[in-house]
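Residue numbers (our numbering), protein chains in the order written: chain A, 1 to 129; chain B, 1 to 129.
Just so you know, not all the hints are guaranteed correct.
Copies of the same chain look alike in the list, so a pair counts if it fits in one copy or across any two.
Cross-link-like lysine-lysine pairs, in silico, DSSO-like; alpha carbons within 27 Å at most [as the list claims (entries may be wrong)]:
#	residue 1	residue 2
1	Lys119	Lys46
2	Lys105	Lys119
3	Lys119	Lys79
The set of hints was computed from the structure by calculation and includes no laboratory data.
Please read these numbers as outputs of a predicted model, since none were measured by experiment.
Protein chains: 2
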Amino acid sequence: MSWMDDINWNADGLVPAIAQDAESGKVLTLAWMNREALENTVSEGKATYWSRSRNRLWAKGESSGHAQLINEIRADCDKDTILLLVRQTGGIACHTGRHSCFYFKLNDHSWEETEPVIKNPELIYKSET
Amino acid sequence: MSWMDDINWNADGLVPAIAQDAESGKVLTLAWMNREALENTVSEGKATYWSRSRNRLWAKGESSGHAQLINEIRADCDKDTILLLVRQTGGIACHTGRHSCFYFKLNDHSWEETEPVIKNPELIYKSET
């Protein structure tokens, strides 16, 4: 598909993908995509990423239930970054149980935790072994 | 500075940094930072990045005048991505003269240009040789 060939994949065949909540406007996550992840994201209407730590496709929400449903897919001017506008299932994007992963705020040269924990992460992942 | 040591710099000593407009809420740019870029960003209150193509520090707006003034600096849960909340000088973050760099919208398997051009890019960079 030519629209995929336009993307400037990095040396590892990946691009960063930002997910922004279509409702709150908050930036939720930054993860990585390869071609297959982006293809699945488009065809299924839900964000799929490439997990660099687990070295496999990762359908966001596959274990937590907190999927990211796609409203819109954008690329930047040099097409080396993807922006997803999403509806975040449960309002929780972060494995810590928060709305957004960006909860550390720099305050006087230290990282301060912000953003309430909406759900105990032990309850999010309780079905996993 | 210990808050910097907490950051998970990649193998090249870089992290991606997302800039989000504090007023419009739009995601403007994704660029990269090394330690020095982040230090300068904090000390000067304006975004400085590491240009991977030019292999040097790049104070955003140094040639265009379109600086990004810092409201807030955030990091994500695993501290491998930075989020800047910024006031965008001139309202133009993109070298194409648009508010945001994310102006390509995926529409029926092709990239459609969106977002108005606020200023002719030839006028933005006219003083450069």
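Do the hints match the structure? See the list:
Proximity of Lys119 and Lys46 under a CA criterion of 27 Å is satisfied intra-copy only: 22 Å inside one chain copy versus 35 Å between copies. In this assembly of identical chains, the alpha carbons of Lys105 and Lys119 lie at most 27 Å apart only when taken from the same copy (20 Å versus 33 Å across copies). When the C-alpha separation of Lys119 and Lys79 is checked against a cutoff of 27 Å, the pair qualifies only between copies, where the shortest distance is 21 Å, while the shortest distance within a copy is 35 Å.
The structure agrees with every numbered hint stated previously.
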